[in-house]
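**Q** The primary structure of each chain is shown beneath.
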Amino acid sequence: MKHNRMRAHFTGILVLLFAGVGQVIFAQESHIGGLTGEGSRGKQLYRRYCVGCHGPLGDGRGENAPWIDPKPRDFVTGTFKCRSTPTGALPTDEDLYKSVTRGFVNSNMPSWLPLTKQQRADLVAYVKTFSSSFREEKPPSPLSMPSESAANQQSIQSGNELYQKMNCWSCHGKEGRGDGPSAQTLVDNRGYPIPPYDFSVGTRFKCGESNQDLYRILMTGLDGTPMPSFANGLTPAQAWDVVHYIRTLQMNVKRKKQTAENEKKDRGESKPVGAQPE
Amino acid sequence: MLLRLRAAVIFILVLGVVLSVRQPAHAIPAFARKYDLPCSACHEAWPKLNDFGIAFRDRGYQLGNEKDSPIWQNPSYWPITFRITPEWHRESSSNQVVDTVPGNPALGQIYQDVTTHGFDFSGLDIWAAGTLYKDISFSVLPSADSSGSFHFENVFVRFDNLFRTRWLNLKLGKFELDNLVSEKRMLFLSSNGGFYQVYHYTPFREVQFRASNPPIVQFNPVFGIGDNQLGVELSGHSENSYARYSVALLSSNEGSPGLPNRTYDWWASFNQGFAVGKLGVQRVGAFAFFGQRPTFFNTSFGSPVLSEGLGNKSLYRAGLTGLFYIKKVDFSTVFVHGWDNVFLGTGTAANAPLPVGARGPTWNGGFVETHFTYSPQLVFVQRNEIVRMSRQVFRTDPRDLGDIDAFSFGLRYYPFMFSRAGLALHTEYSLVRSYKSASPLPTSTSPFGPDLRSSSVFIGLDFAF
Chain C
1 MKHNRMRAHF TGILVLLFAG VGQVIFAQES HIGGLTGEGS RGKQLYRRYC
51 VGCHGPLGDG RGENAPWIDP KPRDFVTGTF KCRSTPTGAL PTDEDLYKSV
101 TRGFVNSNMP SWLPLTKQQR ADLVAYVKTF SSSFREEKPP SPLSMPSESA
151 ANQQSIQSGN ELYQKMNCWS CHGKEGRGDG PSAQTLVDNR GYPIPPYDFS
201 VGTRFKCGES NQDLYRILMT GLDGTPMPSF ANGLTPAQAW DVVHYIRTLQ
251 MNVKRKKQTA ENEKKDRGES KPVGAQPE
Chain B
279 MLLRLRAAVI FILVLGVVLS VRQPAHAIPA FARKYDLPCS ACHEAWPKLN
329 DFGIAFRDRG YQLGNEKDSP IWQNPSYWPI TFRITPEWHR ESSSNQVVDT
379 VPGNPALGQI YQDVTTHGFD FSGLDIWAAG TLYKDISFSV LPSADSSGSF
429 HFENVFVRFD NLFRTRWLNL KLGKFELDNL VSEKRMLFLS SNGGFYQVYH
479 YTPFREVQFR ASNPPIVQFN PVFGIGDNQL GVELSGHSEN SYARYSVALL
529 SSNEGSPGLP NRTYDWWASF NQGFAVGKLG VQRVGAFAFF GQRPTFFNTS
579 FGSPVLSEGL GNKSLYRAGL TGLFYIKKVD FSTVFVHGWD NVFLGTGTAA
629 NAPLPVGARG PTWNGGFVET HFTYSPQLVF VQRNEIVRMS RQVFRTDPRD
679 LGDIDAFSFG LRYYPFMFSR AGLALHTEYS LVRSYKSASP LPTSTSPFGP
729 DLRSSSVFIG LDFAF
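Chains as they are written, first to last, in my numbering: chain C, 1 to 278; chain B, 279 to 743.
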């Protein structure tokens, strides 16, 4: 009897011990090009690089979070701004990988390009363990992107009209200065104030800097922010027109000819990810 | 049986508590107030930089997130940090020449080990660094020894991304020579282990000659790879800082302000990193220094004019470096070849005859420094270092005269790293053996003494805020 009680205590303690000592990590993986990221390795990297802002639970409540604006992402909700997938859907592994690689301009999230591709893939795998969404569903296919139309006067004029018609100006302002009548009232999904993008001073967008990136932002929206997806409101041709018009609002951008290829080169992404070692 | 079971339960409970209270690493370095990143983001274990820290430094202390210019900072932000280490240490040196009877030199001398120990503290670094504007960075580091006597360890302004390319950055002032294995960021602190022997090596004969010279030729031809130098540096790097280069033009004065000496030295380094699958980034590099030092001073009424060295003679150092990572273990490796002109090697003024049969000394040296990073909060360190003379000043000198073996090990434990500071419990043991480098006894007929062994035991609290 006494032995049975002791054995029960012993078993209970062992269970508590295992529950307390290690966080249970689901064998989460990421697949980016030819690379396979592993959550177990990503956990070590996360604790070294990310925990200060995103917190040990990935809920965006790291020790630095109170001092940071905009606030660090809460991975638990599974809501991500920069995606190639439709609004409301999970991002692809490649989307998360690009976010880690690129960082977010005008935020505290730096580019983690100095980490190896494998390390970044491992981080993506670990970030996915914070949200049950990644275990329960799979991200849909990325939005298809038709070839960019010519950025001529007609396209810009059409974009201008759509900018007015789709009420972009109500947040971003008539001249794209982020001073529309709704600008002061905007909050993100956590209730924090969030200013609309000021095209007149910005040189890069949160989710990239190419025309393709801008098109993607328009059509997928920035989930968790008031920026909606216009996939149902704009045809691809119209979306390109808006992109071309928005470019005219960017006063600080050096007017070099932007092509998808040289932008990839600028970001060191001209080779397929994982195709060969850096 | 029951007692044994109870003991096992208690042991497991204690072990569980110990394991579960180990905190995750989340520390903030000097730039934290600006960027809110943990210490471990830039440091393998501070102060040693990791790949991200190397890239951050190469960009001129910038992240490139459009918030680098100080205009984005709260006006109360002041980019200052300080670092100091209260400590207990023990220093011991073998084969020291002491009087047989203290206070009575006439009774002769003997060899004896000399040991001292006690509580102490290191010098103080007060470091300000950051950006003056986007793509213009700076650093000012007034540093004091433990008596409070200050000097400027570094002072520079750097223009980053000239002509909008990261391959052109220009730095002017006093700065650390760009090298893959930085002595300023080493994880050793003791008197014997707190510097790389091979970075500062001077052949034994050279030291001996200089000590016996008259004041007019008491020049100091020293050059330390790890010492900050005055000059201008052009450097560049790839976007992820895997490929890096630097070329520097330096005043021939070992970083001493006010003594321009009218001559210049050159430093060049290059290193390349390779991402090797799951092992991470492996880096290899090379460096070269070519310089000159005066061999005597101009005089005024027989007194040396210290700002005017004459009769310059040359010296060079060249080496290979490597940083290799295997999971939690990494190795810093350095090989250095050194040569001093025969006038420097014999401490002879260039306008005076050389000792008969003298030659310019050459030597080779290197080390392997191993770090086992159990976690960003606990790092075990160890280093083996050797320096071997390959050509003595005189053929008749013992081949191993002035050779050095050095060995160090220790650990750094960061019990916590919270948002604005870092604290490390640092323990270390170091032993250095210098061959035939002890002073000879007055009764000895040999100009050389026995081997000199120096050791340090160090326990300190290294903190930075």
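Calculated from the structure, these hints are not laboratory results.
The structure displayed is predicted, hence computed values, not measured ones.
Honestly, I wouldn't trust all of these hints.
As the list claims (entries may be wrong) - Mimicking BS3-like on lysine-lysine, the simulated pairs with C-alpha atoms at most 27 Å apart in a straight line are:
1. Lys605(B) / Lys43(C)
2. Lys138(C) / Lys174(C)
3. Lys412(B) / Lys345(B)
4. Lys606(B) / Lys43(C)
5. Lys312(B) / Lys345(B)
6. Lys71(C) / Lys605(B)
7. Lys462(B) / Lys43(C)
8. Lys71(C) / Lys312(B)
9. Lys556(B) / Lys591(B)
10. Lys312(B) / Lys462(B)
11. Lys412(B) / Lys71(C)
12. Lys312(B) / Lys43(C)
Unchecked claim - Chain B stretches covered by chain C per the calculated footprint, using a threshold of three residues with CB under 8 Å from any CB of chain C:
13. 312-326
14. 339-353
15. 455-467
16. 517-530
Don't be surprised by glycine CBs; every beta carbon is placed ideally from N, CA and C.
**Q** It remains to establish, for every hint, whether it holds in the given structure.
**A** So, going through the hints one by one against the coordinates:
no., hint, in the structure
1, Lys605(B) / Lys43(C), "holds, 14 Å"
2, Lys138(C) / Lys174(C), "violated, 39 Å"
3, Lys412(B) / Lys345(B), "holds, 9 Å"
4, Lys606(B) / Lys43(C), "holds, 14 Å"
5, Lys312(B) / Lys345(B), "holds, 9 Å"
6, Lys71(C) / Lys605(B), "violated, 32 Å"
7, Lys462(B) / Lys43(C), "violated, 30 Å"
8, Lys71(C) / Lys312(B), "holds, 15 Å"
9, Lys556(B) / Lys591(B), "violated, 48 Å"
10, Lys312(B) / Lys462(B), "holds, 23 Å"
11, Lys412(B) / Lys71(C), "holds, 24 Å"
12, Lys312(B) / Lys43(C), "holds, 26 Å"
13, 312-326, "holds (count 6)"
14, 339-353, "holds (count 5)"
15, 455-467, "violated (count 0)"
16, 517-530, "holds (count 4)"
Figure legend: structure checked against the earlier numbered hints; hints not met, in rising order: 2, 6, 7, 9 and 15.
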